[in-house]
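Trainee: Under the working numbering, the letters of the sequence shown match residues 2 to 145, in that order.
Since the hints were made in silico from the structure, they are not lab data. Among the clues, some could well be false.
To be verified - Simulated pairs of lysine-lysine, DSSO-like, Cα-Cα distance not exceeding 30 Å:
1) Lys138 to Lys115
2) Lys99 to Lys62
3) Lys115 to Lys101
4) Lys101 to Lys83
Claimed, not checked - Cβ pair distances, simulated, as ranges:
5) Ile109 to Cys12: 15 to 25 Å
6) Ile49 to Leu100: 19 to 29 Å
7) Lys78 to Asp41: 53 to 63 Å
8) Asn36 to Lys78: 28 to 38 Å
9) Leu135 to Asn36: 45 to 55 Å
10) Pro17 to Thr80: 34 to 44 Å
11) Ser108 to His13: 45 to 55 Å
12) Lys83 to Ser42: 41 to 51 Å
13) Lys83 to Pro17: 16 to 26 Å
14) Lys115 to Asp48: 17 to 27 Å
15) Gln79 to Pro38: 48 to 58 Å
Don't be surprised by glycine CBs; every beta carbon is placed ideally from N, CA and C.
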Amino acid sequence: MVLIQNSCHECHKLIPFEIGQTAIDNKLRWYISYNCPFCDSSTEFDDIGFPPEEIRQEILKYEGEWEIIIENFERQKQTVTKLLRKTLELSTVELHQKLKTLRKIPSILHSGTKCEMEWLYNHLKSDGIESIILQSKRPEKMSS
Numbered sequence: 002m003v004l005i006q007n008s009c010h011e012c013h014k015l016i017p018f019e020i021g022q023t024a025i026d027n028k029l030r031w032y033i034s035y036n037c038p039f040c041d042s043s044t045e046f047d048d049i050g051f052p053p054e055e056i057r058q059e060i061l062k063y064e065g066e067w068e069i070i071i072e073n074f075e076r077q078k079q080t081v082t083k084l085l086r087k088t089l090e091l092s093t094v095e096l097h098q099k100l101k102t103l104r105k106i107p108s109i110l111h112s113g114t115k116c117e118m119e120w121l122y123n124h125l126k127s128d129g130i131e132s133i134i135l136q137s138k139r140p141e142k143m144s145s
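Whole structure, please, built from the sequences with the hints as guidance.
Mentor: This is how it looks when you write it as structure tokens:
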């Protein structure tokens, strides 16, 4: 869970919002919620998939960036390609760009939040593909 400052939708005072990600039933999920101490208003919202980019960036600032690394990509290319297309819901153009990147850096499959990498790791593992997760960038800030 990450705390960010934002304005209450009712009284417009600056308050902490909780944001985060989780994976439940092999589905990536995200949430945002708050309880205003000034007007007692509260909101909770969650959804399936990747969070909006501004929320994702706040999570990355707090926990750093993570990478999933796969060995022997060329040997498992067809299986990994199908899995990436399906799991990350990539268009043909996006998949082509991803594959070009993998040729340059063959072992780094994807990067993002820790939860996203754990979610992708579990998908890879269920298809018999071994991978590891490493932190590539340290956090910029800690939650208050």
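Trainee: Now, for every hint given, state plainly whether the structure supports it.
Mentor: Hints, one by one, checked against the model:
Taken as a hint, the Lys138 and Lys115 pair is honoured in the structure, with Cα atoms around 11 Å apart against an allowance of 30 Å. Between the alpha carbons of Lys99 and Lys62 the distance comes to roughly 24 Å, so the proposed pair stays at or under 30 Å and holds. At most 30 Å may separate the alpha-carbon atoms for a hinted pair to count; Lys115 and Lys101 meet this at roughly 24 Å. Distance hint between Lys101 and Lys83 is fulfilled; the C-alpha atoms sit about 15 Å from each other, no more than 30 Å.
The supplied range of 15 to 25 Å is broken by Ile109 and Cys12, whose beta-carbon atoms lie about 45 Å from each other. For Ile49 and Leu100, the hinted distance range of 19 to 29 Å is satisfied, since their beta carbons lie about 26 Å from each other. Between Lys78 and Asp41, the C-beta spacing of about 55 Å keeps the proposed range 53 to 63 Å intact. Look at Asn36 against Lys78: about 48 Å separates their beta carbons, and that is not inside 28 to 38 Å.
The hint said 45 to 55 Å for the Cβ distance between Leu135 and Asn36, and at roughly 36 Å that hint is violated. Checked against the given bound of 34 to 44 Å, the beta carbons of Pro17 and Thr80, roughly 43 Å apart, stay inside it. The hint said 45 to 55 Å for the Cβ distance between Ser108 and His13, and at roughly 48 Å that hint holds. Our hint of 41 to 51 Å for Lys83 and Ser42 holds, since their Cβ atoms are close to 46 Å apart.
For Lys83 and Pro17, the hinted distance range of 16 to 26 Å is not satisfied, since their beta carbons lie about 41 Å from each other. Between Lys115 and Asp48 the Cβ separation comes to about 19 Å, which falls inside the hinted range of 17 to 27 Å. Take Gln79 and Pro38: their Cβ atoms lie about 54 Å apart, and the range 48 to 58 Å holds.
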